[in-house]
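Based on these hints, arrange chain G on the given structure of chain W.
2 protein chains.
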Amino acid sequence: MSASGALSWPSIELTEPSPPTLEALNAWWRAANYLSVGQIYLLDNPLLREPLTRDHIKPRLLGHWGTTPGLNFIYAHLNRVIRERALDVLFVAGPGHGGPGMVANAYLDGTYSEVYDAIPRSEDGVRALFRQFSFPGGIPSHVAPETPGSIHEGGELGYSLSHAYGAAFDNPNLLVAAVVGDGEAETGPLATGWHSNKFLDPQHDGVVLPILHLNGYKIANPSVLARIPEEELLQLMRGYGHTPYLVSGGFDGEDPLEVHRRFAHTLDQVLNQIAQIKAVAASGALDTRPAWPMIVLRTPKGWTCPKVIDGHPAEDNWRSHQVPLRDARDTLAHTQLLEHWMRSYRPEELFDESGSIRASVAALAPEGDARMSANPVANGGLLRRDLVLPDFRDYAVDVPSPGGSVSEATRVLGTWLRDVIAANPKDFRIFGPDETASNRLDAVFEVTDKQWNAALWPIDDDNHLARAGRVVEMLSEHQCQGWLEGYLLTGRHGVFNSYEAFVHIVDSMINQHAKWLKTAKGIPWRRPISSLNYLLSSHVWRQDHNGLSHQDPGFIDHVVNKKADVVRVYLPFDANTLLSTYDHCLRSVDYVNVVVAGKQPAPNWLTMSEAIEHCTRGLGILEWAGNERTDQEPDVVLAAAGDVPTLEVLAAAAIIRERMPRLSVRVVNVVDLMRLQSEGEHPHGLSDREYDAVFTEDRPVIFAYHGYPWLIHRLTYRRHGHDNLHVRGYIEEGTTTTPFDMVMMNDMDRFHLVIDVIDRVPGLASTHAVLRQEMQDARLRARAYTRAHGEDAPEIAGWTWSSVATPNDRDRGSSAPSIEPEHHDQKE
Amino acid sequence: MSASGALSWPSIELTEPSPPTLEALNAWWRAANYLSVGQIYLLDNPLLREPLTRDHIKPRLLGHWGTTPGLNFIYAHLNRVIRERALDVLFVAGPGHGGPGMVANAYLDGTYSEVYDAIPRSEDGVRALFRQFSFPGGIPSHVAPETPGSIHEGGELGYSLSHAYGAAFDNPNLLVAAVVGDGEAETGPLATGWHSNKFLDPQHDGVVLPILHLNGYKIANPSVLARIPEEELLQLMRGYGHTPYLVSGGFDGEDPLEVHRRFAHTLDQVLNQIAQIKAVAASGALDTRPAWPMIVLRTPKGWTCPKVIDGHPAEDNWRSHQVPLRDARDTLAHTQLLEHWMRSYRPEELFDESGSIRASVAALAPEGDARMSANPVANGGLLRRDLVLPDFRDYAVDVPSPGGSVSEATRVLGTWLRDVIAANPKDFRIFGPDETASNRLDAVFEVTDKQWNAALWPIDDDNHLARAGRVVEMLSEHQCQGWLEGYLLTGRHGVFNSYEAFVHIVDSMINQHAKWLKTAKGIPWRRPISSLNYLLSSHVWRQDHNGLSHQDPGFIDHVVNKKADVVRVYLPFDANTLLSTYDHCLRSVDYVNVVVAGKQPAPNWLTMSEAIEHCTRGLGILEWAGNERTDQEPDVVLAAAGDVPTLEVLAAAAIIRERMPRLSVRVVNVVDLMRLQSEGEHPHGLSDREYDAVFTEDRPVIFAYHGYPWLIHRLTYRRHGHDNLHVRGYIEEGTTTTPFDMVMMNDMDRFHLVIDVIDRVPGLASTHAVLRQEMQDARLRARAYTRAHGEDAPEIAGWTWSSVATPNDRDRGSSAPSIEPEHHDQKE
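Note that the protein sequences, when read in sequence, are chains W and G. Per UniProt numbering: the first sequence = residues 1 to 828. Per UniProt numbering: the second sequence = residues 1 to 828.
Extracted from the complex, chain W is given alone in its bound form (with noise of 0.2 Å):
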């Protein structure tokens, strides 16, 4: 059932809206205005109880005004129809640079003050409203975490589409009310979020009602929508699917009334076609994708603003973008000009005498949840349940020794994902461009299907499309991001797996995320939500098809530059660690979670319950790996994170026991990158007698890791013995199509490895010059062998620790003596 109590979408009667109704719209348009003019100008004289003069007005004047008062007019019509359908309706303000509409409306609904004792409904509390906006200590000046009734943060452009398709899905009951800016319709996710719709599913998914609003201007420019033929935006609405239903008004004074009719009757029209369709979509007689209507609404840009301001046009014009009056404090005439604008809206007929808003005005809300702002869609935490999942050690593979048994990891988690999947049917989904398949978590179409509504051909019957499914796929990463990100605000949970190269086209996007996460979790009415889950396979050291342009490990970099309290980095090194760390990951909240993991068959090296104390602990010791003398610290730390990075250093590990079988070797795998960092710097960190207690405080430690070496280093710049700790990763060293060529080219191969192991331990330099030498004849064989053949020699391909040592089954897995487990993390 939905917040609002709506079990179905009616379809009501088409009558021209009352005057009184008009009136009322007006009225609370008029409030909004008010009451944003106010937010972004006034300190003091809130309700213009006196005449305005300098002191009244910020020394400092910042926010948007221009996209203002048309979110402030929708945002009017959506509460009428609300009340009259009874729907469930969430709000996304893709022109989110207009915050102080969006904060006026939930003060003028109610819903601000309950959630913030310190903005009451009364004179003071319209100061404190007006004061706190854009102001040291106070809100920020666009839709944020802080605003009610937000799940869209409206300092980046581009996403809003996105994010009212992913809360429409499973919400068959929830209209989301997108308002597109004409400005954002220009970047290119907003351009491909209108074929969103070909991936709804109208029975099962709720409805998303794009409103494209022209006001014609971005900062200095006009925008291209606002500025092609009518015909042309309507075919290309047309073109994207739509139903396009063109409003336009306010233009040289017109009386808002009549756009206020020409819009509320477009509105009824539009959510009758609605309702009609919902209708045959319920009774699951829909077999075609629905042509959804959407509404071009035209009005001027900042409009009621100033015509004129110092014989410049103001409104309708770019220049109320952000603060027309710019002056308003400084120049005695604009200070005028700024209460005239002001009381244009007539603030005695919108205020009582305590400063509360009129009860006639407020009427226009619905009440409780039913009012856009207070929406618990808004705050999915507040809808969230947790997960129900199978227990992962069912899924694990057999390890009969390290090494001794082969897997594709990812498709191993494809098989623990399909009975997630199966026992949460309605709340978690898949993200993916086109690579669910590719990234071999194919078990999962044992259960589902991908969703698709554009046209199913009797050919897709074998490829898994169908009109619902919990695979949702296109290939657009953005499209995929945004999606899983308003899936998740809406309180569900979800993963999103792609190339890791390529996860870099959301850099900016998942800043915003991380942003978004870790202001809400100083926000004591939002509750906590799902972790952004990301599968990243097809990885840097495997893009034997694709080559250099394909090969990038910077994600990790990127996302660790966020607040250390939202992200987390594993790499899970084989099939059982993966199923570990992803169960993990499904349980927690309001994390971003990075996990890099191969798709390629690949030794497993842990059994499950080795994997599980590997993994609680983050890094460990792997002691059957190494020949450590038992009385003393070990004269080198050969260390690893990643996959193919612990093959490469265990098969280093494997030459020096065979070669140098006096050196004392230890060997450390890192699944969870962040216990590197300092306790002080990240929650996962060591401290530093822990990290010492692995990695020594004065041995050379060779560190193979996944991504750009240089982040292992300032992960660890804080630690002991870090001079003397050498990394090999990814040094982005061209192109080339088999795995250990691959390894080669960046020195991080075996070696390698050895080379630096004899450089960096003193005094093997001048007793082992000629394994020394060896090793570079084998890396000149090596490379010669797959120029000559074209793949990698059978002994190095083939290569693994069960063919070099049979260790006793008790004694092997992961130690880590003096680490205490990662409890904090392995709770949530």
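Watch out, some of these pointers could steer you wrong.
Given that identical chains are not distinguished, each listed pair holds provided it fits within a single copy or across any two copies.
Claimed, not checked - Restricting the straight-line Cα-Cα distance to at most 20 Å, the calculated cross-link-like pairs of lysine to any residue (SDA-like) are:
#1 Lys-307 to Trp-457
#2 Lys-198 to Glu-230
#3 Lys-426 to Val-447
#4 Lys-198 to Glu-231
#5 Lys-198 to Ala-220
#6 Lys-521 to Asp-723
#7 Lys-198 to Leu-234
#8 Lys-563 to Ile-731
#9 Lys-307 to Asp-460
Source of the hints: derived by calculation from the structure; they are not laboratory data. All of these numbers come straight from a predicted model, not from anything done at the bench.
Same frame as chain W, now just chain G:
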């Protein structure tokens, strides 16, 4: 004059293509397909002179067949019209993973053998051509810098139209044929790329002919645009402002000759329409935006490969995306199927006895530079001429004493850029989302306009919009980046100005461009192109209007992961250093230059001659700001990189001078960030000796940095004294709206820097406990002031060095006695 000698756009009489013409087209297509399949599969027996066996087949089958026959088809037809109409054509292969096709065509027209001696036109040459493809030590599987005729890496999808329009700007006689894959068409950047036609000047720019190739499938899914009704697709294209022409064929075994006929006829129609538009445009009589033609070509994915493999459809199915017949080497039936497939192209008719292409087949290609593979615009360095640069010294601001004048640095730069534009009216452009004026470069509008070809209204008269102009602004960072890349790669110059935070939107694009530059440097026939210059203003420290969502300095971190010989990062800290830096950037080639500079009024620190000296070194000691004793190392080094950090460091130095006069302080500023890296890691890196001469070997260094602090650690972790380096920078701490509150939130303010000095210099903590407390109190007071007044206290906001000291004019400037100027850099 164009490469092919074409001076005009001829219209020809429409006739049906003759049967010999169709046969010639088909022969070329068969040959290109044969050579493409051969590259994917064959090690030997390249002309099938003997029966195909397992040993002739590569052990690892890599590459993408699915899109290739479509690319080959289009290429063949363009060859014909280039010859018939003497056109100058650049081919952009959006589905660039169809690399074997583009290589095959370049081999067929002779270019490949001309630039690669090892691949002659003979049987040996064909063998070598086949073997090198996706082979260790060979060429990548995608269209890449190694591919003659390409400016477009095929690895990441979405940018073909942006690159095409970038190439078309200021090339009035160039036709850019841009093949858009239906997978790529789902990406955001491509979806908005269609709107580029609103920014093209039909008179002074070239023509982009988009060819949307619907082969129906991506990796494992149908494509969206292939699965919407045809009328919807046509409306979408009309909505984008095009006149669409549809050609469909090749399904269910339809004779390719018939499809050739249809496509040839359509191409003639389209080129005649273009010729008509260009004729009117050339006369200056075109006053509306033309509905440029575009073609929708619908053919089967993997066209001409086996229809069914192992019971599954291959041709016209997603299964032909990469390598159909994956078991060609290991399964006899598949080996035979491959042989049958390859023989279906009738190689004996295509190659002569020596293994050369038969003249009758090769004759379809145009000659010399008219060949698309040899078009000089695709090797832009051939056409590039140095910019005519006005002497930047003439634009210097007067700096009577450090901090003795105030400028908006970017506004000063704008005056120089204005004259750069005037002096280079045809090969220099500024691209940006909507911020050229906001970033205060508006002096450029004294000599040029913003190019805009959507509707122009009278109200635009004062907004510098025109059909032709050197500034191009669209609210899509993807478009701006893509246009600039296309413009540079075809031999021109430009700047991308943007918000610092949102340039992350193009992280993935700059990855690809940097990889292109790195690779192209190693290809002898590729000539250097102009550097890609960023001007990132509206930076992290001055987001008063916008707050947290607009704060992200991590683009610098992102680019420094790319190869050191490609990336440069500059943080000029006043107007004169910005001028000097940018002059250098516009002279350089083959770099990505990231310049971050402020646009707000800020003190000027260096005279022009000092600025030149400082920028030539890249960093230096500001002797006038420190108070070192000459006979010994300083007690502490205060270093800064960036305008806001330098201001805070100088203010801290002033406090220390007054309150701890006996402390010996050195003040250092870094403009060229790469100077911090070791010389072995970056060509700009200082030697350790030079580094120590500036930063000392062991004294505490307090470093105030523009971006995330750990980047400084990463760049310096190999340096002496790194353990005593303490960096303050942006740590993503919440939102505020005043500049000083912002630096306080991130602990980078002057007061905190003084506290850092007290805490880090041995002995001060006990002797200066009172001062330390005063600094704490000063912070609290400053915070309280902003919260009370909404702006920073005047003594803080108005502080400048000139109020502290009156240095001797001759003694100031920067110095770094033992640092060699970065000659290499200055020359380029």
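> From the Cα coordinates, with 20 Å as the cut-off, is the pair Lys-426 and Val-447 best called within, between, both, or neither?
Replying inline: within (13 Å within a copy, 60 Å between copies)
> Given a CA cutoff of 20 Å, do Lys-521 and Asp-723 count as a within-copy pair, a between-copy pair, both, or neither?
Replying inline: Intra 37 Å, inter 34 Å, cutoff 20 Å: neither.
> Are the CA atoms of Lys-198 and Glu-230 at most 20 Å apart within a copy, between copies, both, or neither?
Replying inline: Between. Shortest inter-copy distance 15 Å satisfies the 20 Å Cα cut-off; intra-copy 24 Å does not.
>> Checking an output row: Lys-198 and Glu-231, CA cutoff 20 Å. Within, between, both or neither?
In response: between (23 Å within a copy, 16 Å between copies)
>> If the cut is 20 Å between Cα atoms, do Lys-198 and Ala-220 qualify within a copy, between copies, both or neither?
In response: between (34 Å within a copy, 17 Å between copies)
>> When Cα atoms must be at most 20 Å apart, do Lys-198 and Leu-234 count as within-copy, between-copy, both, or neither?
In response: both (19 Å within a copy, 17 Å between copies)
>> Please sort Lys-563 with Ile-731 into within, between, both or neither, judging by C-alpha distance up to 20 Å.
In response: between (26 Å within a copy, 8 Å between copies)
> How would you label the pair Lys-307, Trp-457 (within, between, both, or neither) given a Cα cut-off of 20 Å?
Replying inline: between (56 Å within a copy, 18 Å between copies)
>> Reference check for the pair Lys-307 and Asp-460, CA-CA at most 20 Å: within, between, both, or neither?
In response: Between copies, since 16 Å is at most 20 Å while 58 Å is not.
The structure fails hint 6 only (numbered hints given earlier).
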